[in-house]
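Chains A and P are the protein sequences, given in the same order. Its first residue numbered 1, the first sequence is counted upward by one per residue in the numbering used here. Its first residue numbered 1, the second sequence is counted upward by one per residue in the numbering used here.
Quick caveat, the hints were computed from the structure, so don't treat them as lab data. Some hints here could point you the wrong way.
Partial list, derived from the structure: chain A residues whose beta carbon lies under 8 Å from chain P [what the hints assert, rightly or not]:
| id | residue |
| --- | --- |
| 1 | 31 |
| 2 | 53 |
| 3 | 54 |
| 4 | 57 |
| 5 | 60 |
| 6 | 63 |
| 7 | 93 |
| 8 | 124 |
Backbone N, C-alpha and C fix where the C-beta goes; we use that ideal spot for every residue, glycine too.
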Amino acid sequence: MFRKCLWQRVLLVLLAVAATLAMDIDDARAEYGDIVINNYSDAAGMRPAIFPHWFHRVRFRCKVCHADLGFKFKAGGNEINMVKIIDGQYCGACHNGELAWSVENCNLCHSAKPGTQTQVHESTVQKLAPATLQKK
Amino acid sequence: MKIKRILLASLSLLSFCGVVSAADAGKDLYTKTCGVCHAAGIAGAPRYGNAADWQPRIAAGTARLYASALKGTPKGMPQKGGNLAASDADVKAAVDYMLASVKTAAAPAKPAATATPVAAAAAAAPAAPPAASVAAPVTNPSANTSGVSAADINSFNRLLKPIGKRNPPPAEDGIHDPTNDGTLALMAPLAAYGPLPKSLAGNRINWVKAIEENKINPRWDRNDPAATPVVIDLNIVREVKGSMPDVVYPHKQHTEWLDCSNCHPAIFTPQKGANAISMAAILLGEKCGVCHGKVAFPVSECRLCHSKKKEVRPAQAAAAAAK
Numbered sequence: 001m002f003r004k005c006l007w008q009r010v011l012l013v014l015l016a017v018a019a020t021l022a023m024d025i026d027d028a029r030a031e032y033g034d035i036v037i038n039n040y041s042d043a044a045g046m047r048p049a050i051f052p053h054w055f056h057r058v059r060f061r062c063k064v065c066h067a068d069l070g071f072k073f074k075a076g077g078n079e080i081n082m083v084k085i086i087d088g089q090y091c092g093a094c095h096n097g098e099l100a101w102s103v104e105n106c107n108l109c110h111s112a113k114p115g116t117q118t119q120v121h122e123s124t125v126q127k128l129a130p131a132t133l134q135k136k
Numbered sequence: 001m002k003i004k005r006i007l008l009a010s011l012s013l014l015s016f017c018g019v020v021s022a023a024d025a026g027k028d029l030y031t032k033t034c035g036v037c038h039a040a041g042i043a044g045a046p047r048y049g050n051a052a053d054w055q056p057r058i059a060a061g062t063a064r065l066y067a068s069a070l071k072g073t074p075k076g077m078p079q080k081g082g083n084l085a086a087s088d089a090d091v092k093a094a095v096d097y098m099l100a101s102v103k104t105a106a107a108p109a110k111p112a113a114t115a116t117p118v119a120a121a122a123a124a125a126p127a128a129p130p131a132a133s134v135a136a137p138v139t140n141p142s143a144n145t146s147g148v149s150a151a152d153i154n155s156f157n158r159l160l161k162p163i164g165k166r167n168p169p170p171a172e173d174g175i176h177d178p179t180n181d182g183t184l185a186l187m188a189p190l191a192a193y194g195p196l197p198k199s200l201a202g203n204r205i206n207w208v209k210a211i212e213e214n215k216i217n218p219r220w221d222r223n224d225p226a227a228t229p230v231v232i233d234l235n236i237v238r239e240v241k242g243s244m245p246d247v248v249y250p251h252k253q254h255t256e257w258l259d260c261s262n263c264h265p266a267i268f269t270p271q272k273g274a275n276a277i278s279m280a281a282i283l284l285g286e287k288c289g290v291c292h293g294k295v296a297f298p299v300s301e302c303r304l305c306h307s308k309k310k311e312v313r314p315a316q317a318a319a320a321a322a323k
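Isolated chain P, as found in the complex:
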């Protein structure tokens, strides 16, 4: 009995798949990839839901829009939005998803037109085995309860912030007041980040590399653009307990940004071995945590600090040999 039910449910699900998964795939791809630019209109991208942005493009024909999305344009649209892993069908579905946003927004008076595909889908479902119409209401809510498509339930890093939600423009970042005129005049992070080297945490920008590669040249003196920092090239190795690699503290990268007085002597006594540092203290915003976890890369990037492989001590070597 139970098996029969599952069979019926999967049959009805199959008949839905053609329509539902295409729309979901389009929305998914938009959220993960396209929305990075098309939500805020970065680099002149036509904005989601903004009919004026899309009108001239729609006039040129949907086929041309698909082609632009798939192959990219000289104006700045990357091939497949930069997500080369996406299938052609998904990219087209994402285009359809964005087009639907302007059609519904531009013509609220005739919802029948946009509702037609849905109605057609509903009509198509019972046209399959008659019993499927009984099972359909059972499968439908389970697939769509949380507004997350079925494909996302088991997706990797399900709870992490998707690309589309990283580095939002001020008006959408949750702390700026979108009703404030000034908010709209502020620069969006992604507008600045374009040419900068990427990282996996924080602003998702590798700031140290950005300076090394001369992608940015922040002033050392607020009034004198020619002033340069006094860079000290001195590594301090901290041996750590446990099995983590030892920490190498590079003065070089720090003195590119900071003055000695920023850390010494208030945060760190300038003497090797004189500072008790623990990960708990860092997590709570002390020692390295004064910056790391607030403006510099956070503790999730373990190996950027714990980078020196431990030397095998004689006692350990003997124990290993005895085994």
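Excised from the complex, chain A in its bound form:
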């Protein structure tokens, strides 16, 4: 009985993968691993922020942000806000005008189309369950 359920689930997952892969071909164009963070941006009248993993991993190993700076492995899961960044936490540890450009360059991070949802773009999870179908 349990085994049968398991197979059905696996089949469902595979079907979902196949269906979404086929659907998303034209829409999904962002770079693999680009994170859109829209926790507060839309409500504050700013464009959502985009974090490009590819750009940062050329310069820093994962450990720098995910261990030293405490970024959790979860898009939108870090409750980052501008006060913390200006205080030198999270992005502000480097984006301080010394190691990288500082916070007055709003448009460089806040560069997503308004209304873009928090998610890891081009990720398997996004293809399995597009943000529009995910529960808020």
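Based on these hints, arrange chain P on the given structure of chain A.
This is chain P only, laid out in the frame that chain A set:
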């Protein structure tokens, strides 16, 4: 009757082929190959539709443009755009396709000039057997309904993203706002990827190899460029059910990038056999899927993990011998 119709249709199609397929071939090659650089102007490539970029080159003569495209230039144009499988005629057609973009853009006032070849084609078609003009309208829409040329319908991996659509610059990637000034100041992925080793999935960059070959040297400490990671060379073999090869988990490649605390103990209990991992969990972004399928290579690359051939167990060997 039906056969006659097909014959007529194919005749009229033949008379069209000379003009239509050359233009389509040019567009196809542009989409698959040339557009990688010529869409965004990477490495100084003249941009599609940008008359200013093309003007000095057009002035030097079309023959010289063809030669540059076919043989490459020291400025960075690779031979045939790097697609050596393309025929000379297709490469020239692609050049024509890009030239047409600036001619139509630069001189919208005289569309008659650009329309002439089309008109000539239309005139040429009925000049063939008279009955062909009846069949022509039937074949024409079927060939061009979806804007995909006939050659593409049965092409390999038809639904996968063509090269021209991979790693687009921020303004064209679908999530950046092209009306935002900042977007235009951001680096395009392909500008960074040039010297890096390629892979088949994700960013299409083999990041592990990029570090191994010293193509990149990302910092281990954000303030100290000299700090180096503590690399642990320890392989963990996970025997898997079914017929897939067993998984070899290499600590080495992971500790080049990550700290132990990134995975242990929150994601993986540091004890062999203590972690229940399934492909379903990974697909849903748990366990290995916390990174693989988001920033590290996705599950499509099965054999990068499932890499250890199974040892034949005694029971299986006996069963095989009995057959």
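**OP:** Provide an ascending list of the numbers of those earlier hints which the structure does not satisfy.
**Re:** none
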